[in-house]
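Here are the chains, one letter per residue:
There are 2 protein chains.
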Amino acid sequence: MHDEHTGRRTADLPDDGRRRVVIDAVRPTVDHGRYAVKRIVGDIVSVRADIFADGHDHIRGVVRCRRSGSDGVSVADLVQMPNDEWAADVPVDAAGRYEFALTAWIDHYDTWVSDLAKRVEVDSESDVDLAIGAALIESAARRARAGGALAANTRPDDATRLESVVRLLRDRDRSIRERAATALDHALIDVVKRYPDRSFEVATGWYPIVVDPPNASFSSWYELFPRSTADEPGRHGTLADTIRRLDYIADLGFDVVYLPPIHPIGRSYRKGPNNTLVADESDPGSPWAIGGPEGGHTAIHPQLGTDDDLARLVAAARERGILVALDIAFQCSPDHPWVTEHPEWFVTRPDGSIQYAENPPKKYQDIYPINFESEQWRSLWIALKGVFEHWIERGVTVFRVDNPHTKSFPFWEWCIASLKADCPEVVFLAEAFTRPKRMYGLAKLGFSQSYTYFTWRTDAAGLRDYMTELTSTDVVEFFRPNFWPNTPDILHDYLQRNGRPGFMIRVALAATLTANYGIYGPAYELLESEPREEGSEEYLDSEKYQVREWDLTSEQSIAGYIARLNRIRRDHPALQHDRSLRFHATDNEEVLAYSKTATADGRTDVVFTVANLNARHTRTAKVEFSPAAVGLHDSRPFRMRELLTDHGVTWKEYWNRVRLDPFHNPVQVYHLIEEEDA
Amino acid sequence: MHDEHTGRRTADLPDDGRRRVVIDAVRPTVDHGRYAVKRIVGDIVSVRADIFADGHDHIRGVVRCRRSGSDGVSVADLVQMPNDEWAADVPVDAAGRYEFALTAWIDHYDTWVSDLAKRVEVDSESDVDLAIGAALIESAARRARAGGALAANTRPDDATRLESVVRLLRDRDRSIRERAATALDHALIDVVKRYPDRSFEVATGWYPIVVDPPNASFSSWYELFPRSTADEPGRHGTLADTIRRLDYIADLGFDVVYLPPIHPIGRSYRKGPNNTLVADESDPGSPWAIGGPEGGHTAIHPQLGTDDDLARLVAAARERGILVALDIAFQCSPDHPWVTEHPEWFVTRPDGSIQYAENPPKKYQDIYPINFESEQWRSLWIALKGVFEHWIERGVTVFRVDNPHTKSFPFWEWCIASLKADCPEVVFLAEAFTRPKRMYGLAKLGFSQSYTYFTWRTDAAGLRDYMTELTSTDVVEFFRPNFWPNTPDILHDYLQRNGRPGFMIRVALAATLTANYGIYGPAYELLESEPREEGSEEYLDSEKYQVREWDLTSEQSIAGYIARLNRIRRDHPALQHDRSLRFHATDNEEVLAYSKTATADGRTDVVFTVANLNARHTRTAKVEFSPAAVGLHDSRPFRMRELLTDHGVTWKEYWNRVRLDPFHNPVQVYHLIEEEDA
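From first to last, the protein sequence lines are chains A and B. Per our numbering, residue 3 is the first one in the first sequence, and the count goes up by one each step. Per our numbering, residue 3 is the first one in the second sequence, and the count goes up by one each step.
Treat the hints with care, as some may be off.
Treat identical chains as interchangeable: a pair holds within one or across any two.
What the hints assert, rightly or not - Straight line, CA to CA, 30 Å or less: simulated BS3-like cross-link-like pairs of lysine-lysine:
| no. | residue 1 | residue 2 |
| --- | --- | --- |
| 1 | Lys387 | Lys439 |
| 2 | Lys624 | Lys195 |
| 3 | Lys387 | Lys365 |
| 4 | Lys364 | Lys120 |
| 5 | Lys195 | Lys387 |
| 6 | Lys365 | Lys120 |
| 7 | Lys439 | Lys195 |
| 8 | Lys364 | Lys195 |
Calculated from the structure, these hints are not laboratory results.
Chain A on its own, in the form it takes in the complex (with noise of 0.2 Å):
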């Protein structure tokens, strides 16, 4: 029967029915390898999968790996575990895309091996058994004189070996339990498996994997406006300006430094202090309102300097294990050079203007989105991907993407696969403060880290449902959450109310619940909390619109809080990844706890965190903790350090009493401290 619709012809017989294995249910895979999975370089991929079929037939199968552009294929062998569920490890050295794929197949050699045991076992093996295994034998003999074997790890004498010992399982002159015996060598077992016969495997598609620089999951960013780091009041900063702020931010432990965008600024609709609609001659404008007469995305702002300035600031940076990330905003001012070159990538209404942005009945006419209908969408797609070249090509690997989600999705997914191509050491944190479906959506077509929610999560059952979300489900195959307390568009509300507490609050819990997290700062630790008014998230006075002066040597800074905190990450292997997350109990709702741990060298290091989310009031808690809760031998009284004041404990039961002040301590960071290091 043929089935008009689907050209499948559901009465047809398959290619071959004799491949009888089923492979089901491969992970890791995000929506059945339609995304790839994110890994890092040096990561082990621990691949499983569900392999079965009828019978009692024993099965065998390996996992290939191989790099994209690559001739190489790794090969490992799939080891049986309980349930039907095969596991292979897999190791990723280099930053690229891999993919995987699973091969299995029935091993009537192995099975024969095995009944061959059991018969012997009860001395009922027979002539016939051994007639039947030395024809397997010979199979595998041919496959070794053919050069059919399955890894690289043969002997030129194992096919001459093979034959030797067909003749030796048929020689009727020798007993058969004597020949019985002979098939039962593990030497013999083993070369026998370097040639099985996969006549019959079945194989799957293959599954990608993007890996990423390690940067990728584990980073400390720091945002600042370039054009706010002048020594002198009242000058507009530069490039130069923020190369000597690099040891302040080295100093503060950060390794990502990310400028908001670096281009000229267009001067139509220019918004003024305070995001006004009047601007002045010396108002600089917003860094998002992004081309001039100076240039668009591929030009640096006059101001801020040159090329060579950018160049000097990422080699500065470098020195100090700092990366310059870069801002990549996909919009322009009225004033940018595509407008006029290439009006045909924005909408062109009925009366011959540009459509500016609009979200009616507002109106954002000093910003021209792009059209990604345009019928010009390929050279549009090129020269965007383009303005990602020429940062890379001056030694930019970090993007941070401003609002991915108001630009197409194919779009990305095509512009990262590429650029990643060429440089997969490029990372891309999207700033897709959007809806969940969205955000997750912009990870999985290839976005190396997101903005999130935590900036709205302030209470404990929030921040941790939230981060069961992010660790304990499939999210984590593809979704790097990067926490950030504020951002310049973003002062919330628990910031202006709590003082230097919230602030000490905020900024340990995202240091230490995420391996990625930053800061907009010098705000931050200048606790900069006035909001432009009552109810509002905007700043007073924001930077996006006008130059702040910010006094680093102020008395109110927590920078020093800061530092021991990426001094702590930095120390703490536990806090590099996500995935070991996990709660403990506490009997105080207003209190978090959680430990994190990794395991390198046969070591475990574990870091258990203790957080006052009430930033007024002292509270103390009881909290349950042991090494036993993180996996690891029970060995009551165990020492615990608290790394923010380098304070030693000794706790004794599973449930101990922490006290947390707000205006002292109100995060407590443990170190777990092993017998052999107390």
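Position chain B against the provided structure of chain A, taking the given hints into account.
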């Protein structure tokens, strides 16, 4: 850049980058559409997906659904739900294979209407806004002229009407306000939406649905050996005797009568009573040792009767609302005609003999397994499928398949799909007593129902966990459990030790937990409970190896109890499906409480069952149940009728006390009486 391995050119542009909609997480599906979801005739399939795009543009979409082999495609609008979820209900009216696919596109017209309404609210609509809308409606008019409607509800004058609206919108003699009012007319909007611009639509692939007859999801099975149905002691029963047994089975309330294999039985290595290795001339042998000189899988055992007798049995059963199920066991006795006619379908050993079944060191020389790696697998598959076709032609539409997990999985997928393509009414019950992944694998690839682990789940926690897995996970999309308290192979220890109460409890659990269930009788209703030996699950003097006589009039019989259970199942839609199952708290770990609900014609049928799993001792328990607990309005006090005893009771609280006496009423099945019924 070209990826040499995958052939995918990662840097290449897509065909049309302007298709901006993303459709994700389509459901219901099994393994992303690799296998079909299962439904029955008359179901409404609730299709869901996550659908989103960049930016703020509105989206529109439809689900298309078509029956394989039919030309018609139904189209249902997708409706937007919270959190980027979209939904449509799709009815499936006939048995057969269906497929559905989703299509979605950016709806610029709908976006424009919505924006215009917002502008009008604040008096900010402009001539340009109306010009943009006029162009959108003009393009809809062009599609109307070209016959490009989304669905069938068009009017002949649609194009003319749209064209006149375009003129009105462009008529500068009319005020902007007046023209905006014209544009926002609801009747106009309905017309425009019949002709959406789907230039950049995104479509998914087709996802399969198998629609089965109602008895696939609600059926009560009674297994009996026809050879034990003779009225006179010592005589071999016949199909004619079985016809005389039908009234008894109908009185019990069963609607499927399942016969173990009815084929000629092999002589070679025939097993004697209690599976002894030596049989004498008078021993009838095991019906599963199929095939003799009289024929194989398409022949009827001469002592049972003829093709005509079977036809009479099938017809007589149908008259009583009962379907006859045959047992298909693809294995052969050494005397099966295939052994000589098609030795190539078996494994031939090096000594020329045919390989018998083995589980070393155990040998089953009375059985030749079929070789699914035969070079002649094509002719084998066609012959095996032909066995089903033979019996389907004789009116049999229900098959119980013996040990399907020892036959090739790809064979089953092809065989079942092919048979159902020609006869969608056929139902297959898998005797898949095997490991979980294989049991589920057989269900995915096509079996309509499956035996389960119920037979060994006897405590409350085990039953609760198992039912939760079966009814509250994706398993429910492809796996229909069929619960059997006993089979000819399994006399569980619980039945051996617990006498009449044990038999009452187990059959009542099976009948109320799942919509498909069955018993092996008359052994069950006559409380047959003696094992072959201590510790065995085999029956003593099992019917598998000898003819038995049963005294159906025994005072011991619980036939009346079973008949009441089946009557309750027929009267209550709540018990006729499994998805609504929910467990309710009790204060006694030996007492299990659960409810099922079904809504039809605005009335909700609620059945609440309480079971004492301790067959020796009376248990009292408080059980948590109220109309609110099953999603109904709360109306305390409420009336419940216990259906086995036909006693009414009024419950006032959420927690009510029950007393469950194993010798009287160990399981109580309550019906919630709605006020108008009470």
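So, going through the hints one by one against the coordinates:
1. Lys387 <-> Lys439: Within. Shortest intra-copy distance 25 Å satisfies the 30 Å Cα cut-off; inter-copy 46 Å does not.
2. Lys624 <-> Lys195: Close neither inside one copy (57 Å) nor across copies (62 Å); limit 30 Å.
3. Lys387 <-> Lys365: within (28 Å within a copy, 69 Å between copies)
4. Lys364 <-> Lys120: between (81 Å within a copy, 10 Å between copies)
5. Lys195 <-> Lys387: So Lys195 and Lys387 fail the 30 Å test inside a copy (49 Å) and across (36 Å) alike.
6. Lys365 <-> Lys120: between (82 Å within a copy, 12 Å between copies)
7. Lys439 <-> Lys195: between (47 Å within a copy, 27 Å between copies)
8. Lys364 <-> Lys195: So Lys364 and Lys195 pass the 30 Å test across copies only (26 Å; inside, 71 Å).
Hint compliance for this structure: hints 2, 5 are not met, and every other hint is.
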